[in-house]
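Asks: This is what each chain is made of:
2 protein chains.
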Amino acid sequence: MYLRDLKGKEKDLLGKEITLHGWVKNHRPQKDFGFITFSDGTQFNSLQLVYDKENVHFKELSSLRVGSSILVSGTFQESSGAGQDYEVVIKDFTLLGDCPEDYPLQPKKHTPEFLRSIGYLRPRANLFQAVFRIRSVAAMAIHTYFQNQGYIYTHTPLITTADCEGEDQMFKVTTFDMSNVPMSEGVVDYSKDLFHKPAFITGSGQLQGEAFAMAFSRIYTFGPTFRTENSNTKTHANEFWMIEPEIAFCDLENLMNIEEEMLKFVVSYVLELASDEILFLDKFQEQGLKKKLEDLVSSQFTRVTHEEVITILKNANVEFEFTPEYGEDIAKEHERFITEYFHGPVFITDWPKDIKAWYMKVNPDGKTVAAVDLEIPGAGELMGGSQREEDYDKLIARIDEMNVDKESIDWYCNLRKFGTCVHSGFGMGFERLLIYLTGVENIRDVIPFPRTPGSCEF
Amino acid sequence: MYLRDLKGKEKDLLGKEITLHGWVKNHRPQKDFGFITFSDGTQFNSLQLVYDKENVHFKELSSLRVGSSILVSGTFQESSGAGQDYEVVIKDFTLLGDCPEDYPLQPKKHTPEFLRSIGYLRPRANLFQAVFRIRSVAAMAIHTYFQNQGYIYTHTPLITTADCEGEDQMFKVTTFDMSNVPMSEGVVDYSKDLFHKPAFITGSGQLQGEAFAMAFSRIYTFGPTFRTENSNTKTHANEFWMIEPEIAFCDLENLMNIEEEMLKFVVSYVLELASDEILFLDKFQEQGLKKKLEDLVSSQFTRVTHEEVITILKNANVEFEFTPEYGEDIAKEHERFITEYFHGPVFITDWPKDIKAWYMKVNPDGKTVAAVDLEIPGAGELMGGSQREEDYDKLIARIDEMNVDKESIDWYCNLRKFGTCVHSGFGMGFERLLIYLTGVENIRDVIPFPRTPGSCEF
Numbered sequence: 001m002y003l004r005d006l007k008g009k010e011k012d013l014l015g016k017e018i019t020l021h022g023w024v025k026n027h028r029p030q031k032d033f034g035f036i037t038f039s040d041g042t043q044f045n046s047l048q049l050v051y052d053k054e055n056v057h058f059k060e061l062s063s064l065r066v067g068s069s070i071l072v073s074g075t076f077q078e079s080s081g082a083g084q085d086y087e088v089v090i091k092d093f094t095l096l097g098d099c100p101e102d103y104p105l106q107p108k109k110h111t112p113e114f115l116r117s118i119g120y121l122r123p124r125a126n127l128f129q130a131v132f133r134i135r136s137v138a139a140m141a142i143h144t145y146f147q148n149q150g151y152i153y154t155h156t157p158l159i160t161t162a163d164c165e166g167e168d169q170m171f172k173v174t175t176f177d178m179s180n181v182p183m184s185e186g187v188v189d190y191s192k193d194l195f196h197k198p199a200f201i202t203g204s205g206q207l208q209g210e211a212f213a214m215a216f217s218r219i220y221t222f223g224p225t226f227r228t229e230n231s232n233t234k235t236h237a238n239e240f241w242m243i244e245p246e247i248a249f250c251d252l253e254n255l256m257n258i259e260e261e262m263l264k265f266v267v268s269y270v271l272e273l274a275s276d277e278i279l280f281l282d283k284f285q286e287q288g289l290k291k292k293l294e295d296l297v298s299s300q301f302t303r304v305t306h307e308e309v310i311t312i313l314k315n316a317n318v319e320f321e322f323t324p325e326y327g328e329d330i331a332k333e334h335e336r337f338i339t340e341y342f343h344g345p346v347f348i349t350d351w352p353k354d355i356k357a358w359y360m361k362v363n364p365d366g367k368t369v370a371a372v373d374l375e376i377p378g379a380g381e382l383m384g385g386s387q388r389e390e391d392y393d394k395l396i397a398r399i400d401e402m403n404v405d406k407e408s409i410d411w412y413c414n415l416r417k418f419g420t421c422v423h424s425g426f427g428m429g430f431e432r433l434l435i436y437l438t439g440v441e442n443i444r445d446v447i448p449f450p451r452t453p454g455s456c457e458f
Numbered sequence: 001m002y003l004r005d006l007k008g009k010e011k012d013l014l015g016k017e018i019t020l021h022g023w024v025k026n027h028r029p030q031k032d033f034g035f036i037t038f039s040d041g042t043q044f045n046s047l048q049l050v051y052d053k054e055n056v057h058f059k060e061l062s063s064l065r066v067g068s069s070i071l072v073s074g075t076f077q078e079s080s081g082a083g084q085d086y087e088v089v090i091k092d093f094t095l096l097g098d099c100p101e102d103y104p105l106q107p108k109k110h111t112p113e114f115l116r117s118i119g120y121l122r123p124r125a126n127l128f129q130a131v132f133r134i135r136s137v138a139a140m141a142i143h144t145y146f147q148n149q150g151y152i153y154t155h156t157p158l159i160t161t162a163d164c165e166g167e168d169q170m171f172k173v174t175t176f177d178m179s180n181v182p183m184s185e186g187v188v189d190y191s192k193d194l195f196h197k198p199a200f201i202t203g204s205g206q207l208q209g210e211a212f213a214m215a216f217s218r219i220y221t222f223g224p225t226f227r228t229e230n231s232n233t234k235t236h237a238n239e240f241w242m243i244e245p246e247i248a249f250c251d252l253e254n255l256m257n258i259e260e261e262m263l264k265f266v267v268s269y270v271l272e273l274a275s276d277e278i279l280f281l282d283k284f285q286e287q288g289l290k291k292k293l294e295d296l297v298s299s300q301f302t303r304v305t306h307e308e309v310i311t312i313l314k315n316a317n318v319e320f321e322f323t324p325e326y327g328e329d330i331a332k333e334h335e336r337f338i339t340e341y342f343h344g345p346v347f348i349t350d351w352p353k354d355i356k357a358w359y360m361k362v363n364p365d366g367k368t369v370a371a372v373d374l375e376i377p378g379a380g381e382l383m384g385g386s387q388r389e390e391d392y393d394k395l396i397a398r399i400d401e402m403n404v405d406k407e408s409i410d411w412y413c414n415l416r417k418f419g420t421c422v423h424s425g426f427g428m429g430f431e432r433l434l435i436y437l438t439g440v441e442n443i444r445d446v447i448p449f450p451r452t453p454g455s456c457e458f
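Chains A and B, in that order, are what the protein sequence lines are.
Per our numbering, residue 1 is the first one in the first sequence, and the count goes up by one each step.
Per our numbering, residue 1 is the first one in the second sequence, and the count goes up by one each step.
Heads up, some of the hints might be wrong.
In this list, chains with the same sequence are indistinguishable; a pair is considered to hold if it fits within one copy or across any two.
Cross-link-like lysine to aspartate or glutamate pairs, in silico, EDC-like; alpha carbons within 16 Å at most [stated by the list, open to error]:
no.	residue 1	residue 2
1	7	333
2	31	52
3	367	307
4	31	307
5	197	253
6	234	113
7	16	5
8	192	328
These are calculated hints, taken from the structure and not from any lab test.
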């Protein structure tokens with residue numbers, strides 16, 4: 001059986017014999033007995049196995065090495081030792097897969113850099129057992145929230161010729177032999193490529209998501225997205241997962257309601273279904289993590305305009321590195337100040353139109369757009385959303401004003417011709433959420449196999 | 001409110017005024033009154049709106065065009081007409097977004113080819129309202145099954161340098177200017193590309209999935225995969241979604257148990273949560289669809305070896321186009337015969353090793369591998385799985401025998417050095433499942449925005 005199947009049945013199993021398969025996480029062999037920290041990875045907490053000299057396998061058990069896979073049968077009982085409630089007294093034992101003395105993942109403190117270098121083994125380490133389990137639970141939380149509300153999960157395409165993030169940030173995809181790209185009169189002859197035109201892997205599913213929102217009212221995407229950014233920071237990866245809901249008949253106020261409700265649901269879900277993992281991370285990764293998450297669930301999110309934020313920043317008795325200015329973007333230090341100022345999450349709305357995207361709805365003032373960023377204490381911007389321009393003529397004017405290539409998105413613009421309506425959507429970077437949920441600082445450590453400049457391992 | 005919010009509250013709402021926003025799907029204006037088929041896409045069935053001459057908006061209502069978005073308030077009541085239980089008598093009305101007379105999606109029969117050409121509008125058509133809603137429900141069914149069983153949802157990387165399907169079937173990804181690829185001594189200088197080496201978008205997450213199974217015992221992937229196949233058939237697309245579970249301490253028999261249980265769960269879930277959609281498809285797409293699905297849930301899947309299948313085919317009194325032979329692959333006509341022969345789904349096991357992949361475990365006979373294909377009546381092969389070779393030396397020998405590039409997968413082979421164990425996994429093409437669930441014949445019609453050779457629209 002798997003460890004997870006024990007959960008909740010401990011009392012019934014007392015004194016009974018059970019059979020388990022899994023791995024030796026730690027081993028303390030003594031002269032006359034020994035303790036094995038055992039796990040099969042199906043729950044966060046490990047189980048203690050004990051054996052003594054009377055066991056016919058004593059010699060073999062004593063020499064068991066960390067990392068080995070084993071099959072054991074034994075009696076499930078209450079443990080008299082500190083640190084665990086239950087243990088198994090081994091009766092029968094088989095070594096399934098040995099592990100050499102120089103196994104890289106010994107039970108001691110390793111640097112994150114070293115663990116990244118053995119990325120195919122690191123999910124076995126406690127930290128990553130917690131992180132990737134939370135990744136799975138949080139993903140399910142997101143699906144559960146949106147499905148419960150009747151949103152349609154939409155698989156927008158990865159390969160695309162249209163993208164709202166701009167082509168210069170996108171990877172090209174091709175079937176060409178790169179050493180012999182077919183040219184015709186000095187330009188690449190894309191008629192010979194599989195799609196007969198230049199193609200990319202997408203940075204966003206928003207445009208196609210809007211088409212589906214115009215059919216189902218409420219949809220969400222949840223899939224991988226890509227950016228070519230050549231940036232080696234703690235928060236950038238070239239491949240990451242995004243959630244992008246699009247909602248018809250929804251204005252900016254409603255959008256904020258949805259963002260707030262969704263985030264609180266996801267955090268509550270993780271607190272409930274990954275409680276052991278959160279306790280571990282609270283102890284070893286970010287002190288106060290559990291309280292931080294609980295506070296978020298019970299907090300009231302503030303709503304404030306970009307202009308008000310700048311006024312608050314200007315009036316603050318603080319020497320900022322970057323001077324806050326009306327009409328300009330705000331820096332990380334400003335985000336931090338604002339969430340501290342309001343003691344909680346803050347929706348900043350109505351941004352200067354010149355620093356935001358072409359598809360956002362311009363407000364009646366002609367200077368700002370109906371956009372909203374959600375700033376979270378200790379995490380910065382977690383979601384970015386906006387009301388989309390639903391008027392065909394205004395959208396085309398914006399596209400021309402901002403020199404966006406119209407040709408590949410004519411169908412997108414046409415959505416405004418056929419039963420257009422007020423609609424809004426937002427994007428949430430899944431890894432950014434995970435950094436917040438786990439207290440892990442580097443995006444490389446919340447992605448199973450991260451892809452960053454110069455690094456595409458495993 | 002959204003239509004979906006009415007569900008189950010109809011009796012309470014009788015005689016009350018409700019406000020709805022959505023689209024005109026059809027309109028039958030008469031001299032003194034009119035009927036509007038209305039939907040916001042949040043449930044499959046539409047709602048009838050009625051109005052008459054007394055309405056102050058009568059003139060405007062009478063000229064409403066199909067495809068327009070509207071805001072209506074009115075009284076919810078039982079309908080005396082045939083075809084629906086309830087209707088709304090319009091009181092107040094606002095036209096939100098007009099729709100021109102030449103709107104391409106008129107309420108009449110369209111060819112699939114035409115609908116593909118307006119792929120950004122087709123989700124509004126009844127067929128695609130059903131299909132893409134089932135796509136969402138089936139995706140949630142898969143997540144629900146695996147999460148309930150404690151599997152860890154693992155986001156394996158899309159960009160990769162290692163792939164179990166072979167590089168010739170993979171798209172290259174690059175940041176290079178395609179008209180000016182940097183060369184050095186006659187070969188592409190990949191040190192100048194973002195990852196400093198050739199990179200691809202993946203055809204499978206299996207290899208990385210196995211690394212996670214060796215840490216969590218039970219994992220699944222669910223994400224997009226890609227093949228460059230230049231094949232224009234009903235069943236091929238260059239981008240599709242796959243589910244790939246990997247399970248440690250699991251042999252082929254157990255794998256079949258899991259496949260059978262999972263499929264029955266997913267089909268039951270869809271029958272329950274998409275009952276309106278299944279009824280529609282049963283009527284207009286595949287007669288007997290509902291019974292076909294119900295039969296699957298109650299059926300016992302047969303388990304038979306490849307050798308036994310060949311014997312059955314050879315003894316059959318049937319003139320096959322392709323002669324069945326021991327040691328060779330079977331054709332679609334054979335698959336069809338076998339599922340008919342056993343009156344239900346059939347697991348075919350123990351395939352000739354020469355026609356299967358390098359990572360599959362070779363059976364003691366030295367001639368076959370512990371692989372299994374699941375054949376479904378009317379759908380052909382739905383899942384393909386195998387026990388993976390868990391012995392390091394045997395795996396390396398197979399890799400050498402089959403001329404697989406060892407260098408990029410050394411880490412994968414190393415998994416066998418550090419606590420190896422019997423493990424198995426399978427892959428299920430999500431679109432193949434959807435074709436089976438919906439009765440739709442062409443893969444292009446179960447993918448929101450399909451990518452096929454020469455076609456990368458929207």
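Asks: Starting from the hint list further up, note which numbers the structure goes against and sort them upward.
Replies: 1, 4, 5 and 8
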